[in-house]
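Asks: With chain B's structure known, arrange chain X on it following the hints.
Just so you know, the protein sequences line up as chains B and X, in that order.
In case it helps, our numbering puts the first sequence at residues 32 to 369.
In case it helps, our numbering puts the second sequence at residues 30 to 324.
No lab work stands behind these hints: they were computed from the structure.
As the structure is a prediction and not an experimental result, all values here were calculated from the model.
On the chain X side, residues computed to face chain B include the following (Cβ under 7 Å):
hint, residue
1, Ser-136
2, Met-236
3, Leu-278
4, Pro-288
Listed next, the stretches of chain X that the computed footprint assigns to chain B, with coverage defined by at least 3 CB atoms under 8 Å from CB atoms of chain B:
hint, stretch
5, 32–40
6, 151–161
7, 224–234
8, 294–302
Even for Gly, the Cβ is constructed at its ideal location relative to N, Cα and C.
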Amino acid sequence: MMKNKSPLLILAFVFFLVLATIYILGEQKTKKATSSNMKTVKIAINQFIEHPNLDQVIEGFKATLISWGNSNNIKITYDIKNASKDIKTMLSIVQNNNRGNSDLILTLTTPSAQVTAKGIKGKPIIFAAITDPIHAGLVKSLESPHERNITGVTDSAPYEQQFKLFKKVFPDSKTIGVLHNPGEANSEASLKIIRRIAKENAFKIKEVPVSNINDVVLATKSLISDIDLLYLPADNTVVSSIVAIAKIAKAKKVPLLASDEGSVKDGALFTLGVNYYSSGVEAAKKAILILEGTNASAIHVTKSESVRLIVNSKSFEKYGIPIPESFNKYIDNIVYYK
Amino acid sequence: MDNFLLETLEIGLLYSTISLSIVFLFRVVGFPDLTPDGSFILGAAVSFYLSENGYSLILVYTGGMLSGMLAGTITAYVHKKLNVSKLLSGILVSLALYSISLRILGSSNKYYEDNQNVYGNILGSESISGLLILMVTALLFFIAVFFYLQTKQGLLIRALGDSEDSFKYRGISTLTLTIIGVSLGNGIASLSGAIISQYQGFVDISMGVGITIGALTAMVIGESILRPYNVFLLLASPILGSIIFQYILATSLEVGLVPTDLKAVISIMTILLLYLQFKSQKKNTSTRQIGNRSF
Numbered sequence: 032m033m034k035n036k037s038p039l040l041i042l043a044f045v046f047f048l049v050l051a052t053i054y055i056l057g058e059q060k061t062k063k064a065t066s067s068n069m070k071t072v073k074i075a076i077n078q079f080i081e082h083p084n085l086d087q088v089i090e091g092f093k094a095t096l097i098s099w100g101n102s103n104n105i106k107i108t109y110d111i112k113n114a115s116k117d118i119k120t121m122l123s124i125v126q127n128n129n130r131g132n133s134d135l136i137l138t139l140t141t142p143s144a145q146v147t148a149k150g151i152k153g154k155p156i157i158f159a160a161i162t163d164p165i166h167a168g169l170v171k172s173l174e175s176p177h178e179r180n181i182t183g184v185t186d187s188a189p190y191e192q193q194f195k196l197f198k199k200v201f202p203d204s205k206t207i208g209v210l211h212n213p214g215e216a217n218s219e220a221s222l223k224i225i226r227r228i229a230k231e232n233a234f235k236i237k238e239v240p241v242s243n244i245n246d247v248v249l250a251t252k253s254l255i256s257d258i259d260l261l262y263l264p265a266d267n268t269v270v271s272s273i274v275a276i277a278k279i280a281k282a283k284k285v286p287l288l289a290s291d292e293g294s295v296k297d298g299a300l301f302t303l304g305v306n307y308y309s310s311g312v313e314a315a316k317k318a319i320l321i322l323e324g325t326n327a328s329a330i331h332v333t334k335s336e337s338v339r340l341i342v343n344s345k346s347f348e349k350y351g352i353p354i355p356e357s358f359n360k361y362i363d364n365i366v367y368y369k
Numbered sequence: 030m031d032n033f034l035l036e037t038l039e040i041g042l043l044y045s046t047i048s049l050s051i052v053f054l055f056r057v058v059g060f061p062d063l064t065p066d067g068s069f070i071l072g073a074a075v076s077f078y079l080s081e082n083g084y085s086l087i088l089v090y091t092g093g094m095l096s097g098m099l100a101g102t103i104t105a106y107v108h109k110k111l112n113v114s115k116l117l118s119g120i121l122v123s124l125a126l127y128s129i130s131l132r133i134l135g136s137s138n139k140y141y142e143d144n145q146n147v148y149g150n151i152l153g154s155e156s157i158s159g160l161l162i163l164m165v166t167a168l169l170f171f172i173a174v175f176f177y178l179q180t181k182q183g184l185l186i187r188a189l190g191d192s193e194d195s196f197k198y199r200g201i202s203t204l205t206l207t208i209i210g211v212s213l214g215n216g217i218a219s220l221s222g223a224i225i226s227q228y229q230g231f232v233d234i235s236m237g238v239g240i241t242i243g244a245l246t247a248m249v250i251g252e253s254i255l256r257p258y259n260v261f262l263l264l265a266s267p268i269l270g271s272i273i274f275q276y277i278l279a280t281s282l283e284v285g286l287v288p289t290d291l292k293a294v295i296s297i298m299t300i301l302l303l304y305l306q307f308k309s310q311k312k313n314t315s316t317r318q319i320g321n322r323s324f
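Just chain B, with the same shape it has in the complex (with noise of 0.2 Å):
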């Protein structure tokens, strides 16, 4: 059957063609890590999405490292690796974890942790970016010892806080309006408690469900005339169409709050946030202890507690309202964006 040899053989050779460059890629990339003489410490960073947020993380993460490995005379180099929303990737990426030579395991998002947790076997893993380490099944509670080599960080907005500042700063505002995706399990999890504590501030909520950034606009066209502010969660589909929907807001004069740093620099108002840098820094702690020989399975998972009070005053000035005095509370604390 076989009459034709030479289409499987242009075909080899295209394999080996590709092969190959994907080889040289990776050789010139691994050239530039080597070459010192110093003790060096090699931390794989597995992430399932691109986000600004993620970023930060990594930022307070580094930073920590770099100065302890200065005092310590010990170079850090990373492996970040992010899987673009595919688990089959992710598979992938902890396979290559397991046979390369990292030290320790660092990483950011549910189900990133989730694919990490199961599949490496004999290194330590840290996580961060995570609102319920428990839902997720990485860990049975957030004491250690844990049953895995495994610890982390934790983060959950300060809802509490916020909606008291909400309450203090729209005294007169009853309806609150909440776009968030069913599908992600972050803003799920946070969206339980959000109702809770909405309630507890004397504010009705008004859900709107969505389901991709396609419908983000025209459910916030159909929500905005009956809500007296548009409060934004930590949801990657709704964080993603901020700048319409900060334009919408605008329009109506609704004035729109968010919960993470990220969407008061793309328009929102205030809010008080995780400071993700500092859920890094914490992260880089816990590597610190590892490396320098405590097991993961022994330290706490922690919640990161650091606030900030982020505010986008070029905002204020298009919604015509003075920055509040309450405000000055947070003076230590605050970052400002134009």
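Replies: Below, chain X alone, put in the same frame as chain B:
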């Protein structure tokens, strides 16, 4: 297991099951169906639900498969009875399945509390038995579909895929056959979803998104190498393709390529393979490939 080749084979075999369902739908039944995006997560969700409520493993897998078959039935019915195009009916049903799966799961991410199923202990284990289990699984899928296609009904479905018009000219209704074909294809897809979610230890609502396109790519890679002219090779090509797909992915990772660039690598490789296939076909018209080739 610390072996690059074996580990890659493991994931390749795991995902070959979903590729097999795509070959069944696209090539055998001749139905370019995008329902698998939805039936994949539906199978994972239903089997998770059954498993968490303590049903036996047989029920877990049958339930997973039946849910996908039901989804496929709806797709075929929407296409045939409501005259919606094949592509669109698949997209519509898979959209609905996303919401339904979310309802079944209760939240967007759930993990197996007690992973005592067949596939739960493979990922991260040291022994080679996991690989054997996956080989047997892929083989069972292969054998089941292969022998089904030799039965009278299987032959009729193949005929339907090859030329739906010949049925119309003879005045034979294709409704029942299309429903059977599409529902079986989606049954395989949802069973695959059940297996893969057990392997990774959790169900995430996003796990089905884009799975059809990935599986289709694997199928095309396999076909461009095997040039299937009989049913055996037709069904072997998704398995081979899926393994090669995974091999390209893992090699790229191994040599330090950024994972976000992987999609471009795989796309370029697939286009090259298709080009080669096209060139050799022009030269050599006598080797006719089997199955519906309209997409």
